[in-house]
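Listed here are the chains, written in short residue letters.
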Amino acid sequence: DAKTTQPTSMDCAEGRAANLPCNHSTISGNEYVYWYRQIHSQGPQYIIHGLKNNETNEMASLIITEDRKSSTLILPHATLRDTAVYYCIVRVFYNAGNMLTFGGGTRLMVKP
Amino acid sequence: DAGVIQSPRHEVTEMGQEVTLRCKPISGHNSLFWYRQTMMRGLELLIYFNNNVPIDDSGMPEDRFSAKMPNASFSTLKIQPSEPRDSAVYFCASTPATSGTDNEQFFGPGTRLTVL
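As they're listed, the protein sequences go chains A and B.
If you use the numbering used here, the first sequence corresponds to residues 1 to 112, in order.
If you use the numbering used here, the second sequence corresponds to residues 113 to 228, in order.
Please note: incorrect hints may appear among the correct ones.
[Claimed, not checked] Within a straight-line C-alpha distance of at most 25 Å, the following computed SDA-like cross-link-like pairs (lysine to any residue) qualify:
#, chain 1, residue 1, chain 2, residue 2
1, A, 3, B, 168
2, B, 180, A, 42
3, A, 3, A, 61
4, A, 3, B, 169
5, A, 3, B, 172
6, A, 52, A, 13
7, B, 190, A, 102
8, B, 190, B, 162
9, A, 3, B, 216
10, B, 136, A, 101
11, A, 3, B, 126
12, A, 3, A, 81
13, A, 3, B, 151
14, B, 190, B, 120
15, B, 180, A, 101
16, B, 136, A, 3
17, A, 3, B, 171
18, A, 111, B, 151
Hint data in this document are derived by calculation from the structure and do not stem from the laboratory.
All of these numbers come straight from a predicted model, not from anything done at the bench.
Can you make the complete structure from the sequences, with help from the hints?
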């Protein structure tokens, strides 16, 4: 699976949009981009995933560049409860399972 | 559904003792994963099962670690003998699908293991 690069930490003001970047310049054509987050003392939580089209759900939007070498997770109106570590993961889907390899992630701090 | 259930939530034991961590996946899910999280190494996949069969155990650190899934609703991760460096939070996760892309993993609350 392709390696990802994320900033170690970011701050965001409550109510503002949080834009979390991820670089995956070695991504291959059949690899998806997944985002998970981990709130302190909890297990990771799935947010969103995509292949090449932009995606949106009730939690966030995922913007993938046309060359697919980078992506941005957008939390449109960040709240204090969005403070967490956000993991960007790039992986190929395997029929026998869907292993995730977690990197260091971005620690997002939402401030009042 | 109650989600993925793990027990115990906290375990404190002494070096050399056997430790058994338990996981109940979400009903109907057919893939189960065990992860370990430490400050130094982050979140690491240890082993995963598909339809109760171990598929990849390359992440299991050494022979002291073993995992079983005797049926679709129960899995154990055993450490024997335990060592202080095994101290970590152990997460279990399950996923419903073996095909398709909408196969997010659902994580349990974790078991915090401390080996003295």
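Quick rundown of the hints versus the structure:
1. A:3 x B:168: Roughly 20 Å separates the two Cα atoms, so the pair holds.
2. B:180 x A:42: holds, 24 Å
3. A:3 x A:61: holds, 21 Å
4. A:3 x B:169: holds, 21 Å
5. A:3 x B:172: holds, 21 Å
6. A:52 x A:13: violated, 29 Å
7. B:190 x A:102: holds, 23 Å
8. B:190 x B:162: holds, 19 Å
9. A:3 x B:216: holds, 20 Å
10. B:136 x A:101: Holds: residue 136 of chain B and residue 101 of chain A sit about 22 Å apart, inside 25 Å.
11. A:3 x B:126: violated, 38 Å
12. A:3 x A:81: violated, 28 Å
13. A:3 x B:151: Holds: residue 3 of chain A and residue 151 of chain B sit about 20 Å apart, inside 25 Å.
14. B:190 x B:120: Cα-Cα ~13 Å, so holds.
15. B:180 x A:101: holds, 22 Å
16. B:136 x A:3: violated, 31 Å
17. A:3 x B:171: Distance of about 18 Å is within 25 Å: holds.
18. A:111 x B:151: holds, 24 Å
Hints 6, 11, 12, 16 from the earlier list are contradicted by this structure; the remaining hints agree with it.
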